[in-house]
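Please assemble the complex out of the two chains, which come individually in their own frames, going by the hints.
For the protein sequence lines, the chains are A and B, in the order given. Using my numbering, read the first sequence as starting at 1 and increasing by one per residue. Using my numbering, read the second sequence as starting at 1001 and increasing by one per residue.
Hints are computed from structural coordinates only; laboratory data are not their basis. Any given hint could turn out to be false.
[What the hints assert, rightly or not] Some chain A residues judged to face chain B by a derived CB distance under 10 angstroms, without partners named:
hint	residue
1	LEU155
2	PHE160
3	ASN259
4	PHE279
[Said to hold, decoys possible] Computed footprint of chain B on chain A, listed as stretches where at least three residues anywhere in the stretch have a Cβ under 8 angstroms from a Cβ of chain B:
hint	stretch
5	133–146
6	234–242
7	264–271
[Unchecked claim] Here are the in silico distance ranges between beta carbons for each label pair:
hint	chain 1	residue 1	chain 2	residue 2	range
8	A	GLN30	B	TRP1158	38 to 46 angstroms
9	B	ASP1056	A	GLU61	50 to 58 angstroms
10	A	ILE42	B	TRP1158	32 to 40 angstroms
11	B	LEU1286	A	PHE211	39 to 47 angstroms
12	B	ASN1084	A	GLU60	38 to 46 angstroms
13	B	SER1235	A	ILE136	17 to 25 angstroms
14	B	ARG1085	A	PHE160	21 to 29 angstroms
Ideal Cβ positions, reconstructed from N, Cα and C, are used throughout, including at glycine.
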Amino acid sequence: MTTLDLDPQTPAAELKGRSLWQDARNRFFQNRAALVSMPILIFVVLFAAFGQYFAQWSNEEIDWSMLGQFETIGGPSIENGHYFGVDETGRDIFARTVQGTRISLMIGVIGALVSVVVGTIYGAVAGYIGGKTDQIMMRIVDVMMSIPYMFVLILLLVVFGRSMFMLFVGIGLISWLDMARIVRGQTLSIKNKEFVEAAIATGVKTRVIIFRHIVPNLLGVVIVYATLLVPSMIIFESFISFLGLGVQEPATSWGALINSGTDHMRTAPWKLYFPLAFFVVTLFALFFIGDGLRDALDPKDR
Amino acid sequence: MLTYILRRLAVAIPTLLLLIIFSFILMEAAPGSPFDTERGVPPAVLANLEAKYGLDRPMIERMGIYIWNVVTQFDFGPSFTYTNRSVNDIIAQGFPVTLTYGTYAFIVAVLVGGALGIAAAIYHNSWLDYLAVGISIGAQVLPNFVMAPILVLIFTLWLDWLPGGGWRGGQAQYVIMPVIALSTSYMASIARLTRSSMLEVLNAGFIRTARAKGLPMRRVIFRHALKPALLPVISYLGPAFVGMITGSVVIDVIFSTGGIGQFFVNSALARDYSVIMGITILVGALTIFFNLVVDVLYAWIDPKIRY
Chain A
1 MTTLDLDPQT
11 PAAELKGRSL
21 WQDARNRFFQ
31 NRAALVSMPI
41 LIFVVLFAAF
51 GQYFAQWSNE
61 EIDWSMLGQF
71 ETIGGPSIEN
81 GHYFGVDETG
91 RDIFARTVQG
101 TRISLMIGVI
111 GALVSVVVGT
121 IYGAVAGYIG
131 GKTDQIMMRI
141 VDVMMSIPYM
151 FVLILLLVVF
161 GRSMFMLFVG
171 IGLISWLDMA
181 RIVRGQTLSI
191 KNKEFVEAAI
201 ATGVKTRVII
211 FRHIVPNLLG
221 VVIVYATLLV
231 PSMIIFESFI
241 SFLGLGVQEP
251 ATSWGALINS
261 GTDHMRTAPW
271 KLYFPLAFFV
281 VTLFALFFIG
291 DGLRDALDPK
301 DR
Chain B
1001 MLTYILRRLA
1011 VAIPTLLLLI
1021 IFSFILMEAA
1031 PGSPFDTERG
1041 VPPAVLANLE
1051 AKYGLDRPMI
1061 ERMGIYIWNV
1071 VTQFDFGPSF
1081 TYTNRSVNDI
1091 IAQGFPVTLT
1101 YGTYAFIVAV
1111 LVGGALGIAA
1121 AIYHNSWLDY
1131 LAVGISIGAQ
1141 VLPNFVMAPI
1151 LVLIFTLWLD
1161 WLPGGGWRGG
1171 QAQYVIMPVI
1181 ALSTSYMASI
1191 ARLTRSSMLE
1201 VLNAGFIRTA
1211 RAKGLPMRRV
1221 IFRHALKPAL
1231 LPVISYLGPA
1241 FVGMITGSVV
1251 IDVIFSTGGI
1261 GQFFVNSALA
1271 RDYSVIMGIT
1281 ILVGALTIFF
1291 NLVVDVLYAW
1301 IDPKIRY
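Bound conformation, chain B alone (with noise of 0.2 angstroms):
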């Protein structure tokens, strides 16, 4: 086990050092500098500003200090576009919004997908498989951008029940509708997935010898058939996991619920590149690093799986 942990880190570290790596050279490729302005500066001021953010040194030793700063200290450098503020300002302001809400659909998508696939399973072919089978092909092809002004439609014009944006702390009213648009194509996605494994499982003869010694149906689905049926839907936590980060930038912007993705949008359209950079890598690492949780998490749970 310890292996092949070690095994997926040495796949996983690499392939961080090579993102940071390959934002870095392109924003270094990006016409223009930080400091342009309309009317130009002074060259002297230039050489000032320059040497003051290092950028009068040579590419591979700053992309060195970058990395060795990101690395050990975390620190991603200044904005070029919010003077007198950090990437790591920006990121501590926009994370842990996103990071809530985030959750709460991690949590919405896994509970409630995972119950309906279970029971469209279980009474496979009734109105409730029906149910669950429509509602997950509705989910596929609104994705998240085209749900929330959906919602916003509904809940705020049509019905005017709930706010149309904002954040406030995080108050409940706040946080339902970015949940929603947030959650159901993953909790579609892991109900078809529930679904389809589960009636997998139960067909097959270990269930049928459970049933045949008389023990109660309930009993034979969350004792025996529960188990092996959730495992591919383990597998699937990583991309879920990674589309509510990736997700967070559209309900950010529908929303103004002012997590990362509403900085990231705004840096991009700024060309604000450190902030743009921060946010990838951020990401990025994120992404590896929960991926490679739920990969250790499946070989530990998963006795087939070989490491």
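The shape of chain A in the complex, shown without the other chains (with noise of 0.2 angstroms):
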């Protein structure tokens, strides 16, 4: 019995395996652009959760003494506490920016994850059942993809009015055809798998095989995409706010901003100036971390 008594510890630390994770991880920390990228994008989460608590005015506050005459005493300054400046009717740029930060970031993230959700349980399903079903679930894709969405979206924004919710409907309705269609083309060369063949010897059920087999191995890509998906979506609201159709007064977002800014480009330019770069920097940073995490997870495309 005690011949067996091998100590535990020692083949384990010299062989020490390396996980995909793992591995996944090793490279993403090799890419010095991504890697930059990640403290920037922290500190503009940071700014948008607690920028509200640096700044000296609030957001729909009137600072009076500007009215009237912000194109000459409004620009940024440190003693009257308008770091960014103020605006044409006297409100505080610096707390703008974090609330049209925090409500891009945040159709960023929801319309990355409407996608995540519709558009792998829609491209697994069709991609695992395939046949006639397959054919009919892409040909839907095919037919929404060739529909000019930004022009649909903004007949829907003036039908139903313009609002949050209608901006994220919209949102969600697009986002999710690309995804789907990348999922469907993963789940196809997964689908032939032995494990997924096993799980269909053993009589799990399709519901089972789909959620719990297959969905499971499409992560990395999903991963990849979302990421990818974040920065596309804060395009896309910005460029609606931009065109004055999208989030409304007094709610703003980094699209609006940028638009209220071309207005004064001429004497105030800092209302052009912080939302613009909040914008491009995030944008940078974001597809930074969308390229290293392809590069990381996706190592074929490479």
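The following block contains the structure:
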């Protein structure tokens, strides 16, 4: 009995296996652009979450001393507490940027989440079941994709009134299409693997196979495209808000702030600079992180 | 080939009809009537107005008439806010402008993007390659509604080289900034696509063969590598073209160029449903048609596609 008593510590310590996720993490940390982007993104998120505690003014408060002459004395200044300056109605741009950042980030994340949930389920079901079901389901995606969604979304916003809710509905309606296509393609390559065959052979229900065996194996691809979707959702919302059809006053977003910044570009450029800088920097960070994740989780694409 | 085109048409036409029906039902669902005013209209006048515009008939019948007019005569009906002007007048005024700078932007995006991508792939890992990659990442982050204000900031406010807006019948100095703003992100996408597919092709066996038998590099690239490398780019032309039209919404708003985008946004803000619908359907038809053309072109060029 005692002859078999090997020390279990030694071989494990020498031959420590690397899991798939560890491998991915190592690859991710080698990507310098992605690594630099991480703290920047964290900073932006913290700015959105806690920025208002650093603001001297609230986002709706009007600084009456600035009203009517914001173009001459409304610039960014530390002394009067308007770090980013004020807008034409005397509101603090710093507080407004915090508010806009919060809404833009929220829309990005929610849009991506909707696409992950709907797109993954839709694509996995279509890909796994295959045949006629697959054809019909993907044809629906094709049809929806060939519609000029930007125009249809604006139509929706006009008909049902401009509201945050409608904006989410509109973004949710189109964001999952690409994801469904990608997931379907991946499912097709997974569904003939041995472990799925084994599941079928042991009589596992189709629904369980899809959710327990197929979907977890899609996770890498889904995460990568979800990260890349966040910036495109933000761009999308900003586009709509830029046109004045998205979020409505007093709520705001980067797009709305950039739009109102362009109105006073000549006289009060700080209105444009700060929201624009946040927009550009955050999107750069998101794209670099998405790219880094793609290299880390989807190495065949290099 | 003909059956392939017919099969694609069999999808395209119902899609377009679906779009028309969908927009029509949406418009019906919209609250309020186009003749609602603050003071209210006397019932007799309202009945007359409704009879004039055919609004007293059942919805299905009106939808049939609308679709019939659109399909047979390209007639989108009257505008609700601009009295005495039809949707067709508005489209006829705005669309040529959009088409002009859209076409320029499209050509710039394809030529510059393609050239940049090819050069980046040939001089892989050189400064040119890094420049191309850098530009394509940058342009991804700068969508047209961010690009346009930045351009105005630089070229109008700081350097004072170009006018900040207007159209004036399409004089060069009024066209430059809209075209740059509109084409940049698509140029970047095309450059990225061309670069990666060109890199793939340049590593393929038949290119090595061509090199091995002593062909000069220029001949290898232009005769052998270019055609397969540009294939994936063709399938991107459809979305790129749609982007040009959608982008016109932003371009018109920033540069006051007076294309259909401007009318679209104004109508959206004024709830002028018939104009919104007309433009949506027009853009939808163009989108579907252009995607069809690109698909057929692709199937015709690429021998690997089965149709």
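Quick rundown of the hints versus the structure:
Contact between LEU155/A and chain B, as hinted, is supported at the beta carbon level, the nearest pair being about 6 angstroms apart and thus within 10 angstroms. Hint on PHE160/A holds. Least Cβ distance to chain B is approximately 8 angstroms, under the 10 angstroms limit. Interface hint at ASN259/A: satisfied, since its Cβ lies 8 angstroms from the closest Cβ of chain B, which is below the 10 angstroms cut-off. A least Cβ separation of about 7 angstroms between PHE279/A and chain B falls short of the 10 angstroms threshold, and the interface hint therefore holds.
Remark: the stretch 133–146 of chain A is confirmed as covered by chain B, as 4 of its residues place a Cβ nearer than 8 angstroms to a Cβ of that chain, reaching the required three. With 4 residues having a beta carbon nearer than 8 angstroms to a beta carbon of chain B, the stretch 234–242 of chain A meets the requirement of three or more and the stated coverage holds. Check on the stretch 264–271 of chain A: 3 of its residues sit with their Cβ under 8 angstroms from a Cβ of chain B, so the three-residue criterion for coverage holds. At about 40 angstroms, the beta-carbon gap between GLN30/A and TRP1158/B stays in the expected band of 38 to 46 angstroms.
Between ASP1056/B and GLU61/A the C-beta distance comes to about 52 angstroms, which sits within the given range of 50 to 58 angstroms. Between ILE42/A and TRP1158/B, the C-beta spacing of about 33 angstroms keeps the proposed range 32 to 40 angstroms intact. Between LEU1286/B and PHE211/A the Cβ separation comes to about 41 angstroms, which falls inside the hinted range of 39 to 47 angstroms. ASN1084/B and GLU60/A have their C-beta atoms about 43 angstroms apart, which keeps the hinted 38 to 46 angstroms range intact.
The given range of 17 to 25 angstroms is respected by SER1235/B and ILE136/A, whose C-beta atoms sit roughly 23 angstroms from each other. Judged by the Cβ atoms, the range 21 to 29 angstroms given for ARG1085/B and PHE160/A holds: they are separated by roughly 26 angstroms.
Of the numbered hints stated above, none is contradicted by the structure.
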